Amino acid sequence: MASVPTSNYPSRVARACRVALVCGGLLAAAGCTSGCTSVNSAMLPQARTPGELLVTAEALTEPYESRGVLQITRKGPILFGFADIVGTDLAAAVAELGPEIRSRDADALVNMRVEQTQYSPFRRIVAIFHFFIPLPSEVTITGELVRRSPPAPRATDVPAALTPKPEGGT
Amino acid sequence: MRPLHLLALGALGVASLGCNAVVSGGALSNSPPQGRALYLSTGGSPKKYRTIGFVQVRGYGVQLAGVADVGYANLDATIKGALAEEAVKLGGHGVINIEFLDENPSTDAERAEAAMRTVNNFVNGKAKIEQKDRYVTVTGEVIEFKE
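Line by line, the protein sequences give chains A and B.
For the first sequence, the working numbering begins at 1 and goes up steadily by one.
For the second sequence, the working numbering begins at 1 and goes up steadily by one.
Calculated directly from the structure, the hints in this document are not laboratory data.
Be careful, since some hints might not be right.
What the hints assert, rightly or not - If you want a taste of the chain B side facing chain A, the calculated C-beta under 7 Å gives, among others:
id: 1; residue: Gly43
id: 2; residue: Gly53
id: 3; residue: Pro105
Unchecked claim - Chain B residues, not near chain A, derived (Cβ > 10 Å throughout):
id: 4; residue: Gly25
id: 5; residue: Thr51
id: 6; residue: Ala68
id: 7; residue: Glu86
id: 8; residue: Gly91
id: 9; residue: Ala112
id: 10; residue: Glu113
id: 11; residue: Ala114
id: 12; residue: Gly125
id: 13; residue: Ala127
id: 14; residue: Lys128
id: 15; residue: Tyr135
id: 16; residue: Glu144
id: 17; residue: Phe145
Only a predicted model underlies this, so the values are computations on that prediction, with no experimental measurement involved.
Quick reminder that beta carbons are idealized off the backbone N, C-alpha and C, glycines included.
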């Protein structure tokens, strides 16, 4: 009995269509359920005593000595939409600040400005499917390095040994 | 050493380096200001003032082979150079609220990659040095002290 040659072309097309529909449905569902806002935050050192580290976006009202300007940039790829392998978020950049401030003999970074690449959750989910194209990401912090002047010593700060003794005291 | 080995070695070196770039410039003015030098600050003015105008400077430069920077794409040349000169031309006593941005600083990995590419070019008989355009933008408010 002679066999009839058959082609599996229609079934492959149908399977590809089904896969495309499922992926499209997943993307649509992800788009509907995820918000369009991406949030990134970091805690900053807020010491108010000269000598301790201070990072602020405002200007100082107290006397200071300028130690220069500083820019820290971290950049790298985000893999699969979420894997930030080198750390290009605010927290990673802020972590770099301490050693840089200390290395310039400063104790504060003032008038800080931040720029960061942000991707919406939807864009990140799309990147999971486009895993072969990593998302470029970058965070930049700029500011002025200053050294705050130490406050004038108060009476209570003077060591007892250096305090003048009252005349005729016992 | 074959070029392929050189590239592989370079890639290994690049992978082991960090992805951060640190750019810094010299000191600006102290607060309170001393002397009659042009007052430069990323913050506000320590005295009463009148605004004369605003200045934006974009310094352009080229980085060669990841190691040599040529031109004016650095913070000192733009803030203490072009920006200060322009403020003096306008008759200002200072520039406040200075904002600066090195638009495309190179990380250690990028510098190493450019150097390796340049070496690889020469090994392959091509006299080509890797170049990268560099830009630094600085803006500021030019002021005149009232006192």
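Checked hints:
1. Look at Gly43(B): its Cβ gets to within about 3 Å of chain A, closer than 7 Å, so that hint holds up.
2. Interface restraint check: Gly53(B) against chain A, minimum CB-CB distance 20 Å, threshold 7 Å, status violated.
3. Interface restraint check for Pro105(B): the shortest CB-CB distance to chain A comes to about 5 Å, inside 7 Å, so the restraint holds.
4. Remark: the non-interface label on Gly25(B) conflicts with the geometry, its nearest Cβ contact in chain A lying 4 Å away (cut-off 10 Å).
5. With a least beta-carbon separation of about 17 Å from chain A, Thr51(B) lies farther than 10 Å from that chain, consistent with its non-interface assignment.
6. Distance to chain A confirms Ala68(B) as a non-interface residue, since its nearest Cβ pair spans about 20 Å, more than 10 Å.
7. Residue-level check passed: Glu86(B) sits 18 Å from the nearest beta carbon of chain A, beyond 10 Å.
8. With a minimum CB-CB distance of about 24 Å to chain A, Gly91(B) clears the 10 Å threshold, and the non-interface call stands.
9. Every CB of chain A lies more than 10 Å from the CB of Ala112(B), the least distance being 15 Å, so the non-interface label holds.
10. Distance check on Glu113(B): its Cβ is at least 13 Å (rounded) from any Cβ of chain A, clearing the 10 Å threshold; non-interface status holds.
11. At roughly 15 Å, the least C-beta separation between Ala114(B) and chain A is larger than 10 Å, which holds for a residue marked as non-interface.
12. No beta-carbon of chain A is positioned within 10 Å of the beta-carbon of Gly125(B); the least distance is around 33 Å.
13. Distance check on Ala127(B): its Cβ is at least 30 Å (rounded) from any Cβ of chain A, clearing the 10 Å threshold; non-interface status holds.
14. Lys128(B), annotated as away from the interface, keeps every beta carbon of chain A farther than 10 Å; the closest lies near 25 Å.
15. Distance check on Tyr135(B): its Cβ is at least 13 Å (rounded) from any Cβ of chain A, clearing the 10 Å threshold; non-interface status holds.
16. Here Glu144(B) stays apart from chain A, with its beta-carbon at least about 19 Å from theirs, past the 10 Å limit.
17. With a least CB separation of 17 Å from chain A, Phe145(B) remains clear of the 10 Å interface cut-off, as annotated.
In the structure shown, a violation is registered for the earlier hints numbered 2, 4, in ascending order.
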